[in-house]
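Participant: Sequence:
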Amino acid sequence: MPRYFDDVEMGEELGPLETTATDASVREFCEVWGTGSANRFTDHEAARKEGLTGAIVPGIMSMALLSQLLTQWADGGSVKKLDVVFRQLVPHNIPLRIVGVVTDKNQVAGENLVECDVYLETGQGDRMVGGKATLSLPRKE
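Okay, so the sequence shown: first residue is -4 according to this note's numbering, each after it adds one.
Calculated lysine-lysine pairs in the BS3-like style (CA-CA distance at most 25 Å, straight line):
hint, residue 1, residue 2
1, 127, 100
2, 100, 75
3, 135, 100
4, 75, 127
5, 76, 135
6, 76, 127
7, 76, 100
8, 75, 135
These aren't lab readings, by the way, just hints derived from the structure by calculation.
Just need the whole structure built from these sequences, with the hints factored in.
Facilitator: Below you can see the structure in the form of structure tokens.
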């Protein structure tokens, strides 16, 4: 069912989308992304050699998870912009929550825009990645 601009409320929450970036899912993502051989994203030992505690989720994969939340919530709309800040490294194999909140809505040049703050958090609520998104939604006819 499409989400309409007219129905969006300030402070409305998005999500949560709950997932785990497993070793296998990160490896599969990196194969599609084309990062090649073992590296800090796919191999725990390679990550330790770089001074990390273990393999980490690529930033672009964290952004993909945030985008998944946005596109599911904005069914029928589109993501116009996603700007993120990586606050902490995201390790593999921990529960993650992707959440957001509507912070503004307005019309610009005939386009119905919704602004949201979005976060990728641990299961305990520690924010690893945060950002702002702009979505375009249809109006009711």
